Structures are given as structure tokens and as C-alpha cells.
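Q: Chain residues, written in single-letter form:
Protein chains: 2
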Amino acid sequence: MNPVSVPQVSIKDEFWAPRQSLVRDVVVPYQWEALNDLIPGAEPSGTIANFRAAAGEREASHHGFVFQDSDLAKWLETVGFVLQAKRDEALEKLADEAIDLIGRAQQSDGYLDTYYQLQKPGEQWTNVRDDHEMYNAGHFMEAAVAYYEATGKPKVLDILCKFANHIVDVFGPGEGQKPGYCGHPEIELALVKLYRLTGNVAYLETSKFFVDERGKEPNYFDVELARRREAGKKERVDRRKMAYFQAHAPIREQQTAEGHAVRAVYLFAGATDIADEYDDASLLDAVRSLWNNTVQKRMYVTGGIGSSDSFEAFSFDYDLPNERAYAETCASIGLMNWGHRLLQIEADSKYADTMERTLYNGLLSGISLDGRSYFYVNPLEVWPVISGKRDDIPGATLRRQPWFGCACCPPNIARLIASLGKYIYSANENELYVHLYIGSQVTQDIGGRQVTVSQQTNYPWDGAVGIRIETEAPTEFTIALRLPAWCRRAQLRVNGQRIDPVLSTERGYVKINREWQKGDSIELDMEMRVELVRSHPELREAAGKVAVQRGPVVYCMEETDNGDNLRDVQLSSEASFFGKYEPNLLNGVYVLASDDGWRTEASSVTDDLYVAKRYGKVPASLRFVPYYAWANRSEGEMSVWVRERETAAN
Amino acid sequence: MNPVSVPQVSIKDEFWAPRQSLVRDVVVPYQWEALNDLIPGAEPSGTIANFRAAAGEREASHHGFVFQDSDLAKWLETVGFVLQAKRDEALEKLADEAIDLIGRAQQSDGYLDTYYQLQKPGEQWTNVRDDHEMYNAGHFMEAAVAYYEATGKPKVLDILCKFANHIVDVFGPGEGQKPGYCGHPEIELALVKLYRLTGNVAYLETSKFFVDERGKEPNYFDVELARRREAGKKERVDRRKMAYFQAHAPIREQQTAEGHAVRAVYLFAGATDIADEYDDASLLDAVRSLWNNTVQKRMYVTGGIGSSDSFEAFSFDYDLPNERAYAETCASIGLMNWGHRLLQIEADSKYADTMERTLYNGLLSGISLDGRSYFYVNPLEVWPVISGKRDDIPGATLRRQPWFGCACCPPNIARLIASLGKYIYSANENELYVHLYIGSQVTQDIGGRQVTVSQQTNYPWDGAVGIRIETEAPTEFTIALRLPAWCRRAQLRVNGQRIDPVLSTERGYVKINREWQKGDSIELDMEMRVELVRSHPELREAAGKVAVQRGPVVYCMEETDNGDNLRDVQLSSEASFFGKYEPNLLNGVYVLASDDGWRTEASSVTDDLYVAKRYGKVPASLRFVPYYAWANRSEGEMSVWVRERETAAN
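Top to bottom, those sequences are chains A and B.
full-length UniProt numbering applies: residue 1 is where the first sequence begins, and numbers increase by one.
full-length UniProt numbering applies: residue 1 is where the second sequence begins, and numbers increase by one.
Just so you know, these hints were derived from the structure itself, not from any lab.
If you're wondering where the values come from, they're calculated on a predicted model, not measured in any experiment.
Keep in mind that the hints are not guaranteed to be accurate.
Put simply, identical chains are the same to the list, so a pair is met inside one copy or across any two.
Taking lysine to any residue and the SDA-like style, the derived pairs with C-alpha atoms no more than 20 Å apart in a straight line are [said to hold, decoys possible]:
(1) Lys617 <-> Glu574
(2) Lys580 <-> Gly122
(3) Lys613 <-> Ser573
(4) Lys613 <-> Leu532
(5) Lys617 <-> Glu644
(6) Lys617 <-> Ser573
(7) Lys617 <-> Glu538
(8) Lys617 <-> Asn565
(9) Lys422 <-> Thr443
(10) Lys613 <-> Glu574
(11) Lys12 <-> Ser373
(12) Lys297 <-> Asp564
(13) Lys216 <-> Ala85
(14) Lys613 <-> Phe577
(15) Lys297 <-> Val605
(16) Lys350 <-> Thr606
(17) Lys162 <-> Asp100
(18) Lys155 <-> Asp596
Please build the complete structure, drawing on both the sequences and the hints.
A: Here it is as C-alpha cells:
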């Protein structure tokens, strides 16, 4: 039996717990103000105003994007996760008011979308390619599940089930139904969540329909477009291809990850759920190949995906430009969610390795240390001189922004952090998997008995993890501990007794089966060396370069520590590093320094742009900080990859 | 006294003479057909048709760009140069017919511009920012001078003087005159040419006015725009900045080369002429700083300039991306022309070094070996997988195109090749400068006597140059031979007697003063080693890389010789090369091979995108061909810069 993600986990550590508090105490209130247009200087959101107008409580046209509603949904979902950890009357009151407002805005037939209700009444479901109605619906369904699970209050669940019932009626293969699907996948995975909570199989079936129907010929978006044209609607010429909407081919026929990266991975996550629920081997095979293509050929070392600024898309195998990286924060979140689903099916540490790579790097970089500003785009290198000045470099990459007009990333990263506990463990009736090392506590029924497992660790700065088991009575089960790919050597002790982890490792997990007793302990000590990471030789942008990684954390150089012209810097193949935890730097980070850097000797440089000589080189002291923490000090250059100075024979 | 360019030079060598024949026998007839819309498959030009319509000989609206007329002008100028080398009755007949047509199209007031005459009669000179009337005029003036100098026929000169007189009347500081200047510089240098031929000082004064007035406040283009708006004209919003039009600041206040590269260097060339004619030290200083900025911070190793695809512009110091290089062929031509003018003033070899760098590399790459297809854009690296597929890589860079809708480059490179003789020598009454080593012959009055000097060389493949002097009678004068920057060691013999060239070198020229007699000979042997060229450390795109150069020729790797993934290739710092002239390859090139290349060992590569190990490396045999000759075989990757494998101590 597959282990299933354990949702009720409380995080108690130095790294994530403060970030969860930040989400609760700063981000959620801040975002609520943003939704209510109360933040001076930020682009107005209009989200709550739209709902009030749709509820008939004020006169106004719709403000913002067609997917503006989803900002409220993501906020509400975050609130749900926050309340799962700890009820909070004041916050719940806010959320209940928002839920009441959502309920008042909902049509009697269950339909709910303020854009259509205000701007195009009666035209609902005529442009599912562009207008995100089901995308918004999906986010509300996720929110409803989270909020219900936190509070047990049925109202928001009722609202969303009513909307889901409407969608189930409208879409499907039956006569009078529309064989359509949303241009932005999301509802696929959301309907599965709603099914898992309510047991209503219709939700699962409709999700499966969406997954299977998508990309078939005749293409629904073409059919729909023709219908709009017949109805006399003017449509602008659209440069976006069907892959952008994940409608270029049925998912089972896709070999490579194409199109808009967020849409792609949201679909793949939903399809993974469907493969799981239906035990659908061919669908699982398709999803697996897409995963392999993504992580083996189209993912940054930071776990960022969707390298192209042009339509926020996957581009080509090994096309991962550093300065021009798009690598949207939402795409990293989607990748983590997708990997998490595959992990439940296969329990292979490779999925958790990628989740972790994303989590500590290209995803976490999306939010500032103070929780008040956000990156959409997560480049691996910036040169401020040209950033935002040349058309081919995505702009605004030097500083995180307070809130975006198109505000997908800020609430998305908030809900990810708030729900992080769910990603740590999985369990079935006789196994408990530890996927992520995060100080936390979980109580779970295993083998018919309540077992409490707690982790203590200074991860990601230290590879030592202490696990303590509490059981009602001695219980036989397996604890499976992930051995991360970054770890070359680990020591394992059970109640002080040394065990060779390699002997009992299965798909990257050390499995310890025994009769566990109250007070049993496991000590896992993963050697956390500084590693110089090289890329596959086809990854041209990293040719001849190394990335500095320690544990799951990818490092970067910033100008404020290393001066400018970081392309001139070299790091020796055999570089030594001095590491130190600095509690007052960047909210506490483990900093790496090396004296094995090199730079061009200034005195050997002339005014000549090209010379037929070798410049002199001088040693340079370099300092590396975690990539996720970049751009929290002064503006300047940043680079993840550093040129390797090859020393000793290869 | 400054030496002045010697125009009447006949080229007799293995490298350029065939290219001049190609221009005469293939390019000129081909381009004539193009101008007449007779080339199947090419975009129609409409140029001749426009003139016929303007002459009232057919009914038609104007076809093509506002600067379409200039294509005919450049063709005619090329014909002038071709006829300077050798009269040709049939070609002259074609040209005379074209000239007659131009004359019939000209208005009685001297104005001539088919776009305005056909599309906007009566509105001439209302949008000099955009509409290129004086740009076209300038090219016709250059053509008139060239054709007159070839044939002595006054007709085209009369037509253009009449047009020039009209411009002199319309533009200037006087009452009732317009204080404007053309959005695309060109007429500045053309008026100086016309002045030098006719002696009419008004042309020189108007050119000086254009140079001085440009960029002053209130900006003429704004004034003019306001006037058009007042007249009720609708103007689209324009993203181009004043720098694009070289109107952001008076040239004397400019510190860096900005804006559209072709416009910039055409202006700088004209301004250099004005500085020369008026002995204007402050203008010369300004032009010198702009030159230094260009060649020390904004020029590719190929001599390409204008790195940004966005508005075909200079971007920032040291911003010279390889794949995304724009480096328009016309900009290289402009750079060469500008350098040539500075060279006449200063006789410093640094100008000739840059001219030569451009000529043999980023300029010559603009034309295919068969003379039938052309590059606008001259990248230093291509990866066909993404070329033209990603928005940030300028398209159509893998193959030269037969003729462009916007056909500035093809006729421009033709006229450059046809007139190449003029760039080789300069002379004053007691000096003869040899700037370029090209097998050729020149006859010139020096010291009151006719002197004929002939060069024999296999340049650029061989650094040995033989010079033979013929004089009517023994004559004392100086022969100044350029010692190229690429040359580390040269041997010099006069009539077999060895001379140390270093002892008599001035600003990069060995000066040999003596009484020259008929039959005297000079042997200059410049050691032509393969050099590994490194860039200034601020040039980020070339950090850790070398370019292979031999003599003036910059080499590249092509996929057809070296396989793909050229970013994986390394070349040892101390690489040895085997060079060989291959007469049947690429119309005869000196090919370089090295066994000191390295590649990643295939067996050490896994499916992993990132690994914490060093890949194995294996030696690789590499083959380099001249950059100018790339893309004349099968499509594939190309790279000028190759990663340096640092061997031995630095």
C-alpha cells in the first residue's frame, strides 16, 4: 500500500517555524490588506471589491485580471493552513466574513466568477481557454478543503461543492455537456482534493475527463473560438500556441515538458493524482517521462523551471540561460507539488530530492526575508548594468516587489510555507516515511496504534537529525529515512546502536523495521560537505562552471560580498571552504568562504579590449551566501555559477 | 601635411581580386535584377519601379521603405567603383539609363525622393527624423562622385549638385531656413565628398551645420513633431529614443557611442571629415573619444559593433553577447569608413588595425562566398536548436539571405569591396603610407615625380609582403609600412639589406626614407603566428575563453568540422596548431587544426543534470576556419570563442 502524505504535522525548528510565523503574522495580514487595496504604493488588487460588486453590494466594474478571484482563494487556503496549525479567532472571523461574501457573490446555480458576473453576465464558459473560470474554481476548492480541515465549518465547502456540482453538470462527454477544459490547469488536482474529502466520485470523474480530453482533436479551444467568432466576437490575433494552454497533445502522447511552465506542472500534478486514483499505468508512465524530461533536461540547479521569459515557458532541452532565466516562483511551487504526488506513489527519494532542491532554492528565493516582497522571476545571474534596460533581459529582477498586479506568486508561496508540514512525512499502516528533515512532530496511526514521531535538527545548516518515537505500546513498523542525493556519507544509530544505512536502503530510503517502544531514538548524521556541482555538458550556460552547494542549499556570490564583475571570478576545483553560521546575517544563514578564488590581476589589464596574452591572476577571497537569500541587502551583481579553475589532473 | 587616401589603386591578388570580380560579374548584375524585381523568390525591391512612377512613366504608388531609393544609389556607386577599375560599355549603358531615369524623376527644384514624390507630394522635409530624404540624397551624392570619377560624365553629378543646392537652400541657420538634420546621418560625409570634388564650399558649410546643429535644444525632431501634430497628422507612439537618431546630445558632448550603430558611425565619419576640413580640434577630440569608447569597450573581436538587436544599437560598455550579437554588416562598413578617415588625419596604425579587424571578419562575413546571399546580423555563436525560435535570439542567423526587403547591407558590402583599393594607401608630397597589405599597384605623384609602387603578397594567409618601386628618376621620399598589432616580430629588407623595423617605427608605421630608384624592393616579413586572443576581463561573455586569430583573420569552429555542443570544447592555453592552405575549401582558406582540444568524456556523463563530481575529459582534434567563411557549408553550430583550458602556471 502506498504511503500517504501525513497532513497534521507541526513544525518546530529554527528555519521554517519562523517563516510560518512570518506567514501567519505578517504575510496573511499584509495580503489581506492587499486584497482590500489598503497598501499604499502597491498596485491595487481590487479582489474584495470585485466580490462586493458581484454580490450586488456596490456598483463597480471588475478590476484586474480574469484570475483576480484566485488571489482571495489562495489567501483563504493559506488561512486554512495557518488555522490547521493553531486556531485564531480574529483571523477566523476575517475568513468567515470573506466566506460569507463569497457565498453572497455566488449565483443560485452555483456559478461563481466575479469577472464574468460583472463584465460578461450570461456569457460564462464561452472562453475557457483564456478566462480562468475553472482555474479560480480550483483554487477556491483547495481553499475550501483547507479551511474545512482546519475549522470543521462547512460553509465554504458547501459553496464550493455547489460550484463543483455545477461544473460537473456543464462539462463532460455527455449529451448537452461541453467537452472542454480550462486553459490554465488547476481544477484537475483541486477536484481530486474535493473528492478525497467528500467522497463524491463525480468530482474525480470530471477531473479524469479533463485530464484525458485535453489536447484531443478537434481541439476544444478552436471549436470554442469558432463559436465566438460566429457570435460576432472580435478576437485579437494570438501568438500563443496550444502548448501554452497544455492543449497541444493529449498528456499520454507528450514526451517533453512544453508550454507555460506553471500550467504544465499543475496539469501534471493533477494527472498524477488521476493516475494514482485509477491505478492508471499508462498515465503514470506519461507523467514519469514528463518528470524525467523536466528534471533531467529543463530544470535549473535551483529547482527553477520554465526558463523562457517568452510566454513564461519551458523552452528546449538544456536551454537554461542564467541571466535570462524566467523560473517563475509559481512554477517551482508547482514542481514541488507534482513531485510530492509522485513521491506518494513511488516512494523514491529522487522525487523528494527535487522537491528539496526547489524548496530551499528557487522557490524560497521568491519571498524576501521580511515576507513583504516577492520575486516572480528567479534568475541565476544578474548584471545590474543591463538588467531591465535591454529587451532580452526580463526586467525588475534586482529587487523583490511588494505585490504584483498579477499577484499569483505572493499568495502561492504563502500557502506553500503555511502547508509545508504536509510534505514532510508519509505513512501507511506499517511504514512511516521521513521525506524532509525539518524539526517537527507528527502523530499518526500506524499498525492500529497512535505513534508520535518528533524530529530535531538544525537542517538545512546541519545534517544531524534526531528522531524520537513515542508509542502507546510497543509497535512493529518501519521508519524509512531519506538519504538525500547530496549526501555522500551518513551515520545511523538506533538507540545508540550503529547501523550501516546502506544495507537497508531501498529507493533512497533507509528502512528500519523493528518493534518501536516509547522513548526509542534514531540519530541520523548526514555529512554535509560543500560540494562543487557541475552540470551536464549539454547545459551550455554552465559549461566550465561550478555551483557551490552544501546540503540542499545552493549558494551564490553577491556583489556586496565579492565586488563586481563576478564573471571574472574563478574558483579552484579543489577549493577549501570555511563555513560558519552567522545568526545576524540574512536572518541567520550558514555562510561559506573560500580563499581559493582567483581574479584577473588588475595591473595586467590595459585599455585594450582584446589582447594576445594571458592576463595575470591573483588569489581572491570569496564569500557565498544561500541563493534563496540574495537581494536582501544592497542591489548588485549575483551569480550562482562560478567559473571553475581546474587544478590537478582531471 | 596629412597623407591623403590614394584612390586609384588596382588590386591584383588571390584574395580580393576574385571578390572584386565577383562584385563586378555577379553581384552588380544580380543586384540590378533585384532593383528591377526580377529575382524569383526574393522579396520585391520596387526601387526602379518607384523611379519610373516618380518620373511619371507609370502609375503606381511607392513600394518599400522610405529609404528604398538608396538601394539604387549604392548600386550606382558600386558601378562607379567597378568602372574606375575597368570601363565596361554594357554596364555603363545600364548605369547611364538609370541616371537618365533618376534625372527624369527629379523635380525642377532639384528635390528627389520617390517616396515623398509618390506618397506625400508637397510634404517634403516635414519629417526628416524618420523619412531618410537626406540619407537617400547622401548616397546618391556618393554615387555621383564615384560615377563621375570613373567616367567623367557630368550628368549624375549635375543632378546631385542640383539636389545638393536645394538642400543647402532649405537647411541652415539663416532666416527661412530649417535648422534640421536627417534622422539617419549619411549626408554629412556625402556633402564633404561633393565639396572635395566640386570645390563648392556651400556643401562643406551645410555639412558642418548638420554636424554642429544635431542634438541641440530645442530638439529639431520635437519641433518638427509638434508641427506635424498641429497640422493634424497622427503619429504613432515611438519607443525610439533620441540617441537612435543621433540627436540625444551635440556630438562634442557625447562621451560614449550610443544609439543605432550604423547611424552613429556614419555621423562620426562625417564629423571626422568636418574636423579635418576645418582643423577643428575640439571636434576631433570628441570623435577620438567616441572612437576609443567604440573600439575599447563596444566592439566584437570580429570588428562588429552595435551589439543589441533592440533598435540595432550600441548597448553598454563590455556588453557584447555572442549569440545575441546584432553586429550589423552595415555598421562594420561604417566603422571601417570612420577609421579610414581618422587614419588620414593621424596616421596611427591603431585605426588601420581596427579597419583590418573589421574587414577580414565581421564585415566580410556579411556576404556569402558566391556573392549571392548576405547577413545583416553577424553573431559570434549560434546554437541552431534555439536560433529563431526564442524571442531573444535574432532570427535567420543560420543562413545568409538572398536579398532583404530592407536591403541596406547587400549593396553596401558590394560598394565596399569594389572600392577597397582606396583604403590601402595614403600619400602626401613626400610620404607613401601602406595601410593594408593587399597585392596591388598604385601610381602617385610624390615629390613632384610619378612613382609606381606595387605590392605582392598572399595576405591574409601569409605575412610576407614584397614591394617594388618604379620611379621616373631617383626620388627621395618615405615609405611608411604598417606593423599590424597582431604581429609580434617582423623582418624588413630593403634591396636585400636587413633593417631593424623597430628603430624607425612611428605610430605603428616603419618609416623608410631614402632616395628610391627604379627597381628598388622592400621585403617585409611579418611573422604570422596563431594567437590565442583573450578579452578584457570586463567583457563577460568571453570570460575564460579565447579566440583563435592568425594574422588579421579571426577563426571559428563550425559544427560540420567539430561536432555539436561547441560550448563543451576546451582549447589548451599552450595549444599547438597545424596550419594549411586548402585551395578547395571555402574558396581557398588557411585552415587551422589543433590536437590540443578537450571535450567531456562521454562515458563519464549520466542522465543527471547536476552532479557533484568532475566529468572526465578526453583530447579532441579541433579544426578552425576563418569566421568570415562560416555558414557556407551545412547549417550547424558555430562559435568564435572557445573555452580555455588553462595549462601551465599563469
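Q: Looking at the structure, which of the earlier hints fail to hold?
A: Numbers 2, 11, 13, 18, in rising order.
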